[in-house]
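First to last, the sequence lines map onto chains L and U. Quick note: the first sequence uses full-length UniProt numbering, first residue 1, plus one each step. Quick note: the second sequence uses full-length UniProt numbering, first residue 1, plus one each step.
These are computed hints drawn from the structure, not numbers from a lab. Please note that a few of the clues may not be correct.
[Unchecked claim] Quick list of in silico lysine to aspartate or glutamate cross-link-like pairs, EDC-like style, CA-CA up to 16 angstroms:
hint : chain 1 : residue 1 : chain 2 : residue 2
1    : U       : K203      : L       : E212
2    : L       : K159      : U       : E62
3    : U       : K125      : U       : E107
4    : U       : K46       : U       : E107
[Unchecked claim] To give a feel for the contact side, a few chain L residues facing chain U, derived at Cβ under 8 angstroms:
hint : residue
5    : F43
6    : A44
7    : L63
8    : P67
9    : L74
10   : Y197
[Stated by the list, open to error] Some chain U residues near chain L, calculated using beta-carbon distances under 8 angstroms:
hint : residue
11   : H6
12   : E16
13   : N66
14   : T67
15   : L70
16   : G81
17   : R146
18   : L160
19   : F185
20   : L188
21   : A194
22   : Y198
23   : F199
24   : F207
25   : G208
Every residue, glycine too, gets a C-beta built ideally from N, C-alpha and C.
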Amino acid sequence: MNSLFTPLSWDDTGYILTGIWNTITISVVAIVVGTLLGMVIGFARAESNRAVNVLFGGVLDVLRSVPLIIQLVLFSTFVGAIGYPLDPFVAGSIVLSLYTMAFMSEVFRGGFESVSQSMQTAARSLGMTYWQTIYHIRFPIGLRAVLPSWLGVALSVIKDSALVSVIGYMELLRTSEQLIGRTQQPLTILIGVGIFYFIISYPLSHYGRSLERKMAI
Amino acid sequence: MEYQFHWNIVFQKMPELLNGAFVTLHVSVLAMLLGIVIAILLAIAKMNNSKPFCYVATVWVEIARNTPALFQIYMAYFGLGAFGIHLSPYVAVLSALVFINAGYLTETFRGGFQSIPSTQYSASKSLGMSSIQTYRYVILPQMLRRIYHPMTNQFVWSILMSSLGILVGMSELSGTTQRLQSASFRTLEFFIVAAVMYFIITKLVLFGSSLLSRRLFKGEI
Chain L
1 MNSLFTPLSW DDTGYILTGI WNTITISVVA IVVGTLLGMV IGFARAESNR AVNVLFGGVL
61 DVLRSVPLII QLVLFSTFVG AIGYPLDPFV AGSIVLSLYT MAFMSEVFRG GFESVSQSMQ
121 TAARSLGMTY WQTIYHIRFP IGLRAVLPSW LGVALSVIKD SALVSVIGYM ELLRTSEQLI
181 GRTQQPLTIL IGVGIFYFII SYPLSHYGRS LERKMAI
Chain U
1 MEYQFHWNIV FQKMPELLNG AFVTLHVSVL AMLLGIVIAI LLAIAKMNNS KPFCYVATVW
61 VEIARNTPAL FQIYMAYFGL GAFGIHLSPY VAVLSALVFI NAGYLTETFR GGFQSIPSTQ
121 YSASKSLGMS SIQTYRYVIL PQMLRRIYHP MTNQFVWSIL MSSLGILVGM SELSGTTQRL
181 QSASFRTLEF FIVAAVMYFI ITKLVLFGSS LLSRRLFKGE I
């Protein structure tokens with residue numbers, strides 16, 4: 001008997017693994033790029049005056065107040081419309097990185113601003129140059145303070161990476177959706193997918209919370 | 001750039017978009033209210049010593065916090081179908097949002113509750129307050145102050161995440177946008193308008209929330 005639907009089999013492992021791999025790749029790219037850009041912008045915002053901050057803040061605000069899914073569709077249609085269609089991975093990485101950057105910059109800004117002015121003054125009075133103060137005082141102390149929040153943003157990026165499926169990137173949820181279409185076994189597949197995300201996210205979020213508790217004391 | 005913008009069609013369809021925006025607001029408000037109710041129950045269960053309730057609450061919170069929102073929506077939309085429960089897109093998105101909101105708010109409420117030192121209970125008692133008075137005049141006002149901002153953030157998050165309705169064919173703002181653009185091929189125009197509308201909605205919510213907080217807390221926050 002030939003059926004339209006075929007049950008889930010071991011042959012699908014490769015397909016699922018591709019999805020897992022793609023989810024991991026795009027999350028890592030977005031977290032790394034978003035962290036680096038966020039750190040630079042966060043530092044710039046902690047350093048600069050009101051006018052620059054309003055300008056920066058406005059752009060970052062848009063990135064944070066428009067749903068990621070809309071940003072993804074807009075960006076990929078836009079580059080297509082101006083004649084440079086991008087691969088879903090590239091388009092997705094760019095949007096997800098900028099989105100991550102918007103959240104990371106706030107995290108880092110808070111961290112850098114938490115380093116007290118008197119500590120910086122003390123460092124300067126010890127004869128450190130401006131850059132030495134940044135390198136030896138502000139970065140190490142500021143960055144340590146943001147680790148729990150950084151972890152929180154990074155975890156939400158891993159979860160949000162599922163949305164890149166909307167522009168056709170074959171990440172885990174999209175592969176699973178296609179498998180559901182073929183096998184008609186939604187529950188098995190979805191539970192598997194849920195377990196994957198849970199295994200990544202649960203230990204890290206616990207570590208983040210314990211870190212937060214340790215730092216609070 | 002060779003792309004020609006055609007805004008006319010978007011303005012013609014404005015009523016439908018506004019209707020979609022209304023559904024977005026509607027589903028997020030409902031998800032927030034139900035989420036708050038469930039979160040209060042879960043927070044009580046988590047702080048309680050009775051094992052089964054505490055266990056259920058912990059599992060709920062951890063699943064909600066550690067899996068993607070899209071996964072929850074798929075679970076409600078496709079996954080429950082395996083049990084013969086077929087939800088409409090609206091109900092599927094609503095239940096997923098309620099599930100997640102409840103999960104996050106539980107921790108917020110618990111944190112807010114535990115942040116109030118136990119000495120305050122003894123102090124109120126020594127002033128001759130009944131336990132209802134203690135909660136009404138001492139504990140809850142302080143708690144509300146601590147959980148107000150996290151709750152606002154959660155609400156904004158719900159509005160933004162309800163946009164995932166686009167993937168299950170719900171007719172909220174993004175879903176409507178998707179439907180209209182596929183009928184007219186003016187993808188860019190429609191999604192730009194949708195983005196602007198989301199931005200305005202979030203800003204209005206944040207503005208309203210800060211006005212309310214100024215009234216509620218009289219500037220001392």
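Hints numbered earlier in the text: which of these fail when held up against the supplied structure? 1, 3, 5, 6, 7, 11, 12, 17, 19, 24, 25
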